[in-house]
Amino acid sequence: MDYILTTDTLTKRYKKHEALKDVSIKVPKGSIFGLIGKNGAGKTTLMRIISGLQVQNKGTFRIECPNIGALIDTPAYYRTLNAYENLKIQYLNLGLTSYETIPEIINMVGLDIAGKKPVASYSFGMRQRLGLAIALCGFPDLVILDEPINGLDPQGIVVIREMIMKLNKERGMTFIISSHLLDELAKVATDFAFIDQGKIIKQIRAEELHDTKNGKTVNARVSDASALCKVLDDKGFSYEIKGENELVIKGDITLTVMNELTKEAGCELLEFGFADTSLEGYFINLLEG
Amino acid sequence: MWIFILISIVLAVAVIVLGIKTALLKRAFTEIDKQVKDHLDGTNSSSFQLSTGDRNARKLANDLNNELQELHKERVFLRDGDKRMKENVTAISHDLRTPLTAINSYVDLLENETDDTKRKEYLERIKDRTSELKDLTGELFKYSVSADVQYDSQLSTEDVDLQAIIENSLVSFYKEFSSKGIDPETSFPSEKVIVNCSRKTLMRIFDNVFSNAAKYATSLSVKLTSEGVVTVTNDAPDLTPVQVSRLFDKYYTVTDGSNSTGLGLSIAKELVSKIGGHISAEINDGMLTVTIGFKKVI
Numbered sequence: 017m018d019y020i021l022t023t024d025t026l027t028k029r030y031k032k033h034e035a036l037k038d039v040s041i042k043v044p045k046g047s048i049f050g051l052i053g054k055n056g057a058g059k060t061t062l063m064r065i066i067s068g069l070q071v072q073n074k075g076t077f078r079i080e081c082p083n084i085g086a087l088i089d090t091p092a093y094y095r096t097l098n099a100y101e102n103l104k105i106q107y108l109n110l111g112l113t114s115y116e117t118i119p120e121i122i123n124m125v126g127l128d129i130a131g132k133k134p135v136a137s138y139s140f141g142m143r144q145r146l147g148l149a150i151a152l153c154g155f156p157d158l159v160i161l162d163e164p165i166n167g168l169d170p171q172g173i174v175v176i177r178e179m180i181m182k183l184n185k186e187r188g189m190t191f192i193i194s195s196h197l198l199d200e201l202a203k204v205a206t207d208f209a210f211i212d213q214g215k216i217i218k219q220i221r222a223e224e225l226h227d228t229k230n231g232k233t234v235n236a237r238v239s240d241a242s243a244l245c246k247v248l249d250d251k252g253f254s255y256e257i258k259g260e261n262e263l264v265i266k267g268d269i270t271l272t273v274m275n276e277l278t279k280e281a282g283c284e285l286l287e288f289g290f291a292d293t294s295l296e297g298y299f300i301n302l303l304e305g
Numbered sequence: 606m607w608i609f610i611l612i613s614i615v616l617a618v619a620v621i622v623l624g625i626k627t628a629l630l631k632r633a634f635t636e637i638d639k640q641v642k643d644h645l646d647g648t649n650s651s652s653f654q655l656s657t658g659d660r661n662a663r664k665l666a667n668d669l670n671n672e673l674q675e676l677h678k679e680r681v682f683l684r685d686g687d688k689r690m691k692e693n694v695t696a697i698s699h700d701l702r703t704p705l706t707a708i709n710s711y712v713d714l715l716e717n718e719t720d721d722t723k724r725k726e727y728l729e730r731i732k733d734r735t736s737e738l739k740d741l742t743g744e745l746f747k748y749s750v751s752a753d754v755q756y757d758s759q760l761s762t763e764d765v766d767l768q769a770i771i772e773n774s775l776v777s778f779y780k781e782f783s784s785k786g787i788d789p790e791t792s793f794p795s796e797k798v799i800v801n802c803s804r805k806t807l808m809r810i811f812d813n814v815f816s817n818a819a820k821y822a823t824s825l826s827v828k829l830t831s832e833g834v835v836t837v838t839n840d841a842p843d844l845t846p847v848q849v850s851r852l853f854d855k856y857y858t859v860t861d862g863s864n865s866t867g868l869g870l871s872i873a874k875e876l877v878s879k880i881g882g883h884i885s886a887e888i889n890d891g892m893l894t895v896t897i898g899f900k901k902v903i
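Protein chains in written order, with the numbering used here: chain A, 17 to 305; chain B, 606 to 903.
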């Protein structure tokens, strides 16, 4: 797999406090990478280092594309100009060859409703959208967004979510997004990294999480799946056979019940595990366990 | 004499200005060259950036940019399709494996079972599972031929009466509807709505939409407007807006697992877009409305 960003033991200290400790992550090209962590876990510091706004104390990182876009903290803009003029300045700064795509970007972030109003009259959410628009200028291959849906109304959240998915799908753009709204992140992200006290505690692909959606399920590996099938049919459990003798069974099943089921089927239970129901549950389990 | 000096000064200035200009242009072309290379080998797909303001250089860069962006989008689309294909194959093999393993285990049991009532029960279960398999493969087949239909939908177009197609399709579901107590309400405009496309494609679109309703709903109403917009409304009390937004995704099923592959509406969507129409779904007070817009002839 191609990685657009690889970091190697990134460490950042603010005086005595260690904000990042040996952070090594790999961001696959074309992914939507969700960075999850509590306040002060080090998400923003990591993003600032990658965007070149801060310098790390130790470690290296490598970005495999020439241009990146970023929205971190408050976006910078000219208060007296409107959205179009602000983007025009950004286009000039970047040396882009034409202004043709400005309206496309304005529509994409849902700023078309603002018309010719100067940015000074914008609400917080609208400024956030302008910040997103600025980060997208020139359609860079890697876009870094720190809490992009902060201060957006529910409709705005949907607009931004769809925009991210569209750009990812159509242009293959890679996004690194941090958010504390885990459910929102769960809807778009293809990869997750969990960060706590400056350390990456887990990196996981969305498919591994999604297998466990839609209610409670358990994963089990047994010595003879076909024997168990009959017992499960008898009891009315719905199940799926994933691999050689590996099953995913739906329903609230405890280890005791599972033991009884396998006993009845005359086979051995080799592995048993609860699948998590949500990203939030997963995250909390991860922090506590 | 002084004229001669003046001329040489002017010439010297011109040489310097032109020299700078050439240097800048040279740099611009190096930049363009690098970006074209990066775009072609896929390391860069963002818009072209140029350090010069020269109009001609910018125009060249912009034209190249537009072409390469299109190329990039197509490349992403193909790669995506390839990935989807692989995912689909995995999903299908999972779907097939579950009933097959179950059937296998019942066959084993049958071999050693002497009790007739038990044998009968096992046979019943095998029957259930095989019919599940049959439905599954049937839908898969439908999906694979839909690619052919897409092809001939571009070839054999004719003027078709939309109302007649809808009525035909509804009639073909009569058995399913009546067994669930569905009495479809219909409303048609006074004048005929004619669309120009393949009859087969149209039939298939409505078959997929209605079979979905036949599976999950207990009421159904179909409305055709004189503008060529068909709305199919049925009750779906448990659907959430998020689920509705995914209805057209391939293999997305709301009730998990049995009897459905989640292909029906995604086929409908593909076909509708193929004939230049649009399809959407929304939920309001527990009623699911699927809206299909066709291009009208008259």
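Some hints could be false.
The following residues of chain B were derived to be distant from chain A, with all beta-carbon distances above 10 Å [claimed, not checked]:
no., residue
1, 634
2, 680
3, 706
4, 714
5, 775
6, 885
7, 900
Chain B is faced by these chain A residues, among others (derived, beta-carbon under 7 Å) [as the list claims (entries may be wrong)]:
no., residue
8, 112
9, 131
10, 171
Derived from the structure by calculation, the hints contain no laboratory data. Note that this is a predicted model, so its numbers are computed, not measured. Every residue, glycine too, gets a C-beta built ideally from N, C-alpha and C.
Okay, the hints, checked on the actual structure:
no. : hint : result
1   : 634  : 14 Å, holds
2   : 680  : 8 Å, violated
3   : 706  : 5 Å, violated
4   : 714  : 7 Å, violated
5   : 775  : 32 Å, holds
6   : 885  : 14 Å, holds
7   : 900  : 24 Å, holds
8   : 112  : 5 Å, holds
9   : 131  : 25 Å, violated
10  : 171  : 12 Å, violated
Violated hints, in rising order: 2, 3, 4, 9, 10; the structure is consistent with all others.
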